[in-house]
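J.: Next come the chains, spelled out residue by residue.
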Amino acid sequence: MTKETAQATAPTLRLTDIRKSFGPVHALKSISLEINRGEVIGLIGENGAGKSTLLKILTGIYQPDAGKIEVNGKSVKFRGPRDSSAAGIGVVHQEQSLFTNLSVAENIAISSGTGHRTGTRFGFYNWGQLNRSAAETLNIIGSKLNPKTRVGDLSFVDRQMVEIARAIRVDAGKDGSPLVILDEPTSLLERGETEVLEREIRKLKAFGSVIFVSHRLDEIIRNCDRILVMRNGELVADRVTSTVTEDELFKLMVGHASHASKKSRTSIDSSATPVLEVSRLSLKGKYSDISIAAHAGRITAIVGTSGSGREELSRAIFGAEKFDSGSIALNGSKVRGWRIPKAVSKGVGYVPSERKVEGMVGGYSAAENIVLTHPGKAAVGPIVLPWKRNKIAQEWFTTLDVRPNDIALELDRFSGGNQQKVVMAKWLNDPNLRVLVLDHPLRGLDPGAAETVNEQIKKACDKGAAVILLADTLEEALEMGDEILVMRDGAVTGHYDMNVDNPSTLDLLERMV
Amino acid sequence: MMTTTSSSGTAASVTIDTGEILTPNSSAKRRNIFAGIGEPVALIGALVVLIAIFSALNPRFATLTNLQNVLNQASLPIIIGVGATLVILIGSIDLSVEGVMAASGVAFVLMSANSRGGQDMGIAAFIVPVVLGTVLGALNGLIYTLLKVPSFIVTLGMWFIGFGIATILYGTDAYPELTDDNLTNWAAKINLGLPNVFWLAAALVVVSALVIRFTRFGRAALAIGNNEDIARANGMPVRKHKVTIFIIAGALSGVAGILATMQMGGTSNHIGEGYLFLTLPAVVIGGTSLAGGKGGVLRTFLGVILLTVLNNGLVLAGVSPNYQSALSGAILVVAIVAAAWSQRGRLRIAK
Amino acid sequence: MSTTVATGAVSTEKATKDGLLQRRATKLWQAVGPLVIFVIMFAVVAILTPTFIGGGGVTIVASSAAPILLVALGQAFVLNIGSIDLSNAAITVLGAILLAMTLGPLGAVAPLVVLIMVTLFGAVNGLIVAFAQVPSFALTLGTLGIFQAAALVVSGATTVYVDANLDLVAWLYTGAIAMLPMTFILGVVVAVVAWLFLRFTRPGQGMTAVGKNESGAIFSAVRNRGLKVVAYSLSGFMAGLAGITIIAQAGSASPMGLGSDLLLPGIAAAIVGGTSISGGVMNPLNVIFGALTVALVPIATTALGFDPSTQNLVYGVVIIVVVALTLTRSRSATVK
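Protein chains in written order, with my numbering: chain Z, -18 to 494; chain S, 5 to 355; chain Y, 15 to 350.
In case anyone wonders, no lab produced these hints; they're calculated from the structure. Hints should not be assumed to be uniformly reliable.
Unchecked claim - Calculated cross-link-like contacts (lysine to aspartate or glutamate; reagent style EDC-like; alpha-carbon spacing at most 20 Å):
| no. | chain 1 | residue 1 | chain 2 | residue 2 |
| --- | --- | --- | --- | --- |
| 1 | S | LYS298 | Z | ASP393 |
| 2 | Y | LYS41 | Z | ASP387 |
| 3 | Z | LYS358 | Z | GLU376 |
| 4 | Y | LYS41 | Z | ASP393 |
| 5 | Z | LYS315 | Z | ASP387 |
| 6 | Z | LYS372 | Z | GLU391 |
| 7 | Z | LYS232 | Z | ASP270 |
| 8 | Y | LYS41 | Z | GLU391 |
From a predicted model like this one, the values you see are computed outputs, not experimental measurements.
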């Protein structure tokens, strides 16, 4: 930010000492920043750094505990999303928020007030005016989309154009400088589409400011004038782009340059058949030609961004999602008719990232959850023996130190960490566990619970299971993995055997983005 | 009623559920098996084929009198169908139609000149039943939105409440018949070549089509049906719109109760029987999605005409009317299966 | 992501405090609510109509509760997996008609044949719901029409009388243990078996898991589709049993008569019996009291001075009120 612009006009956005806590967790600790007209700001930070809390405050979803927000020089308070959009802040969400059954023009107009310009007056639509007004807005961002097209028929990147148009529309016709927040807009885009979007960002500069949130550091550097780095709820750096490098940004983001830890690695007995062998697995549009050999007792960590296809791949291994071609083999024999019940009967387990929705049956007691999939001695054929079930559950509760120590309590009454322990127990209760797929197993866990879960992962390895780990952070992957697979855009771009290689987080990151 | 595997509710995390966003593309291939079912062109095509077949089977089918007869029969399902379509567009359902019709029908006949005697209340005989329908519809909407009871349960209960009101009003006396021939003949009376009641139904369809197309209210209904959460996030008065739509549906059921009574020349508490069964399949094969957000009253109009022609043709062809509910039922089953077919998935949840 | 999780934790914490009382109340209701309601209703009727208990009132209530109980148990199984079966009463009518027609020619085999058929009808419902993944209320509304028409066509739209061998089933109605007719005892036996099935078998537990959280159940390798077929088959089977009790009582079946009026009482009995409309909560033993309560409704309305014709209205109100009272709501959830 240069002196001239700061003096010429009030900044589009100025935050002063914004704080926000959730109970004991300080999500934001005194954030102050300024964004000027025509600036593209990159906002980066690891998961949990406070980015999304900040964005939610800017869009009126959360109210700050303390601090001041000024837009175009005026102090404002957002009680809800409407206030924020009235102030000229538009957001393009990561998950798209368009009505797929309505036209482009309607989607652009729908959150607007009534009035002649928008094409809605006295509750009636003037389609001609509505379409013209939308075309005008689209024109500003240089989009050639037909306002009459149904949004459901648009490609993903075109929908993003509509979202951008809607975001800037909030201020169209008014005198002021809109601020558009792009929340990881590129994470699902194909490469060509990303370029289209980047062109748009440059156009937006002509009349407004942009906050660009992304995990891809190269994109951030390419597109932004200035980069803000968040860590642990604080703004730790505010750099003009020309003065930083990717490496530097990364170090700022994670707080230190990373080193592989000294965990003892399990080496492969090269003669042994892999427990799990994935060969040339492909699913159109998600991943292609993926091969993995996972050996007993080893953790294969797969790293990649959200568009990398690793989630879909891990679900295919569990039989939860289909694949188009390729094969999966367990202990050398190819599987057929791969569905969840079959996978589970062959000793495959899966801890999903959406714990409450997919990982557990919350209304059931912890004991019932533990034996739901693998009853072991708790059932004789189809008959359930509650006293044995309780005994098994109590053993797991003791082993994993689950609190409160009440196996009859419904699982959704436990804290996240304790829930995850129970979810782990559900799979570890399988005496024949061969493959354990873990999708973000530590997400949202406090350090104590995380440690317990990690111990159990290692225990599963000791018992001879092969573990596939989709870690939350690269550090976690480096610490836990015996082998690391890097995926980008549905393909494997890196493969490290941690006995031999010693990649840094930067090495991994380079292949991820 | 239907929940797909939901997207992750967490914002700004690395993982996002791409499954939902990309579903339309990935299912595009499979969809073509049933593509076209429920499209207006296909419906009109089917109608033409049916008319051709029935005309060949029975010379009495393709006559002006029978056309007037078909349109007379189709009118009430069309009127009810307009309300049903609006309710389904917002992703809800109204099962209370037959009960509301019964209540308003009995109220109407007892307030008009009828064979049981009593007083002819003139215009009030029309207003009170419609108000009754409106109130029941409002109750549907309010209980549904305020207490968050699923709409199919509220309206199932209201079905029997309406039926109960009709039973109580009806009492145990003889079947009340309308004694004013002007009333009994009004619906089927031909004006400008078509029955009065059809003109009414057609006007209603046109008006409601315009409302859906050209008003914020109509567009909001579509938006709510597509995604209620986004609608709410956009500051739409979701609850108000929902209640309004249930009120409209209730009022239309009330009107239908009056008209059905006029058509029958009298009424019992069973006056509404069968109408839900004709209307729901008609709405669904018209192409209005039970999931909400997609469809319209013109489609429902076509769907009703198609089903009515089918029923009429089969009766003329000598098929027992006992098969009628089976036909409607089977069509409903096939239509919803066809609509859901392309979206099947291992993790999808339908309730 | 820690911020998101943090908010989650906060709201859970708050919910724990707020919800504790409500949770206890819910638990209490689930345990004894249906019994309490029945006892209160029974007391009211007994006080207002002193001749009720002495004059065979108990037998009357139990015998009219029997078909309701059987239909309600089937419905409860379907509700328990998070769906609904609007066709079960139509299956009862169809089953009764089929039994009336076959009892003469087939004799003792007839009930068996009929039960197999109705179970298959239910299975068809279940197969379509599970594999075509359509909304169950719409599907079963459609099959309701089909079963209704089948009943009309098979019976020729008239009442069908059992022409021989009626005594093969009539003992169910005439026989009694402690003033309770065998039809009701049959219902109670089925309820007890259902209770054992739900509490002590893996398929039973799987069904409840599907009702509580189908996604979670799927990822726990519960065979959700197969269990849906089983639940609907059970609903068909029990609807058929209800049909048998109707023949036992009346000796005839009509496509418009008894039975077609069982749909709402069945749902009401299941819900008053503590079954959750959104799935995952069912206690077959409490459904017994639900059915008895519902069977008391016409008697109670008369006792309270209302016309018996108000019972439909009462059923409708009861369903809405009980669902509204027992529904667990989350503020943000979208209800359709």
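J.: Name the hints, by number, that the structure is in violation of.
T.: Hint check: 1, 5, 7 fail, others pass.
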